[in-house]
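Those protein sequences? They're chains A and B, same order as listed.
Okay, so the first sequence: first residue is 1 according to our numbering, each after it adds one.
Okay, so the second sequence: first residue is 1001 according to our numbering, each after it adds one.
Rather than coming from a laboratory, the hints here were simulated on the basis of the structure.
You may find that some hints are simply not true.
What the hints assert, rightly or not - Pairs of lysine-lysine, DSSO-like flavour, derived with a Cα cap of 30 Å:
{"id": "1", "chain 1": "B", "residue 1": "Lys-1137", "chain 2": "A", "residue 2": "Lys-122"}
{"id": "2", "chain 1": "A", "residue 1": "Lys-130", "chain 2": "A", "residue 2": "Lys-111"}
{"id": "3", "chain 1": "B", "residue 1": "Lys-1149", "chain 2": "B", "residue 2": "Lys-1137"}
{"id": "4", "chain 1": "A", "residue 1": "Lys-129", "chain 2": "B", "residue 2": "Lys-1137"}
{"id": "5", "chain 1": "B", "residue 1": "Lys-1113", "chain 2": "B", "residue 2": "Lys-1004"}
{"id": "6", "chain 1": "B", "residue 1": "Lys-1113", "chain 2": "B", "residue 2": "Lys-1017"}
{"id": "7", "chain 1": "A", "residue 1": "Lys-102", "chain 2": "B", "residue 2": "Lys-1113"}
{"id": "8", "chain 1": "A", "residue 1": "Lys-122", "chain 2": "B", "residue 2": "Lys-1004"}
As the list claims (entries may be wrong) - Cβ pair distances, simulated, as ranges:
{"id": "9", "chain 1": "B", "residue 1": "Asp-1010", "chain 2": "A", "residue 2": "Glu-91", "range": "52 to 60 Å"}
{"id": "10", "chain 1": "B", "residue 1": "Gln-1042", "chain 2": "A", "residue 2": "Glu-133", "range": "37 to 45 Å"}
{"id": "11", "chain 1": "A", "residue 1": "Ser-103", "chain 2": "B", "residue 2": "Ser-1006", "range": "17 to 25 Å"}
{"id": "12", "chain 1": "B", "residue 1": "Gly-1112", "chain 2": "A", "residue 2": "Gly-118", "range": "18 to 26 Å"}
{"id": "13", "chain 1": "B", "residue 1": "Ala-1007", "chain 2": "A", "residue 2": "Ser-103", "range": "49 to 57 Å"}
{"id": "14", "chain 1": "A", "residue 1": "Ser-110", "chain 2": "B", "residue 2": "Leu-1148", "range": "38 to 46 Å"}
{"id": "15", "chain 1": "A", "residue 1": "Gln-96", "chain 2": "B", "residue 2": "Gln-1133", "range": "50 to 58 Å"}
{"id": "16", "chain 1": "A", "residue 1": "Glu-91", "chain 2": "B", "residue 2": "Lys-1149", "range": "32 to 40 Å"}
{"id": "17", "chain 1": "A", "residue 1": "Arg-92", "chain 2": "B", "residue 2": "Ile-1122", "range": "34 to 42 Å"}
{"id": "18", "chain 1": "B", "residue 1": "Ile-1035", "chain 2": "A", "residue 2": "Arg-92", "range": "48 to 56 Å"}
{"id": "19", "chain 1": "A", "residue 1": "Ser-103", "chain 2": "B", "residue 2": "Val-1138", "range": "47 to 55 Å"}
Cβ coordinates follow ideal geometry from the N, Cα and C atoms, glycine included.
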Amino acid sequence: MVVNRSKLGYTMFHRPQSTISGEYLKSEPGKSVVLMGHTSYVAEIARYLYNYSKATSLTVFGLTYKFDSVAGGHKRMPLIIHERSVKNRLERLEKQFNNLVKSTWSYLFSKGDIEEMGELSKGMLESTKKMRELAEQLQEADDKC
Amino acid sequence: MLSKESANLDRQIKCIKDWIEELKQQRHRFELLMIILRNSQQVLDQWTTQYLELSEMKREQGLMLISLSQDERKSLREALGSKVLEEYNNLIDESISELLSEGRILTIAEMGKILAQMDRLIVELITCVNRIQQGEKVAIRTAKEIILKKVVPIGGGIALIALDIPSQNWVTVIGGGALICKGLEEFRI
């Protein structure tokens, strides 16, 4: 099955039931390709990419893997790509993002512009609870009218 | 009889005013959070792209996009009450799914629009209070309808954001924003 994800700007080959036509790959030169699924599918498609489309690299989730390694007399398949690699990238970005947030927070906190994280969170929750209670009181008053 | 009615009216006006004050405070906290998130916009954009990839996989596998921990559910139940929790869960899943079906997630700029919507809500409620004080009893119903309709999306969204600030779970922080956005979008002055 070939799924076109035009919105995200790439073509995705996902869980092919049989082999993917090398002709098809050749017909779309220069297009970004993302592979998903089990390792065997990824390896299979990567083999086609290398053998039939003359691709020299594969871009997966923004990272480019080059087909230039030789191992044991065979062309080495690109890295095994699966959900975990996305999760790892997400975690790295999240860490980076959290550090940025923490430093901004510390800066604003030192200026006295913001409470500490726990206090802000507590305040939001308490306020939410109070808003609900007030809404309930209003609802009751409505019933009495 | 008249004084009882008058006392009841005063109580309702006070409730509405208190609700406005709480909303103002929530708006202020939300704004502070936005200032902080905006400062990290570039990394957040990269993270969002990756998150969209992962959520696509999850959807294809039929997995939930957001799952709350037991502690989070407990705190939410305490803040919102068990009656609204179910409605809240459906809303947030729906809000996030809608955004993802468009191939995107709520941006910081869109979250900024929430502030403007909250402002409009505050103005509308203040206008209602003024109208009530001038003797327009119909304004009580209008104010109540606004509050009761918005209490789940605003309260729920903010509670979710509040819960996930300390753990820095940005998916649900943004999900909370999406929920508020969805809840407020129906509101037109």
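- Within 18 to 26 Å or not, the Cβ separation of B:Gly-1112 and A:Gly-118? holds (25 Å)
- Item | Whether the CB-CB distance between B:Gln-1042 and A:Glu-133 falls inside 37 to 45 Å | holds (40 Å)
- Query: Do A:Arg-92 and B:Ile-1122 keep their Cβ atoms within the hinted range of 34 to 42 Å?
  - Reply: With a Cβ separation near 40 Å, A:Arg-92 and B:Ile-1122 satisfy 34 to 42 Å, so the hint holds.
- Task: Could you grab the alpha-carbon distance between B:Lys-1137 and A:Lys-122 and see if it respects the 30 Å cut-off?
- Result: violated (36 Å)
- Query: Can the restraint linking A:Lys-102 and B:Lys-1113 be considered satisfied, given a maximum Cα separation of 30 Å?
  - Reply: holds (24 Å)
- Straight-line Cα separation of B:Lys-1113 and B:Lys-1004 no greater than 30 Å? violated (42 Å)
- Item | Pair hint outcome, B:Lys-1113 versus B:Lys-1017 [Cα-Cα no greater than 30 Å] | holds (24 Å)
- B:Ser-1006 and A:Ser-103 - C-beta distance against the hinted 17 to 25 Å: Cβ of A:Ser-103 to Cβ of B:Ser-1006: about 55 Å, so the range 17 to 25 Å is violated.
- Item | Outcome of range test on Cβ distance (B:Ala-1007, A:Ser-103; 49 to 57 Å) | Roughly 52 Å apart at Cβ, these two residues keep to the hinted range, so it holds.
- Take the C-alpha atoms of A:Lys-122 and B:Lys-1004, compute the straight-line distance between them, and say whether it is at most 30 Å. violated (37 Å)
- Task: Sort out whether B:Lys-1137 lies within 30 Å of B:Lys-1149, counting only the CA atoms.
- Result: holds (19 Å)
- Message: 38 to 46 Å was suggested as the range; check whether the CB atoms of A:Ser-110 and B:Leu-1148 agree with it.
- Response: holds (41 Å)
The earlier numbered hints that this structure contradicts are 1, 5, 8, 11, 18.
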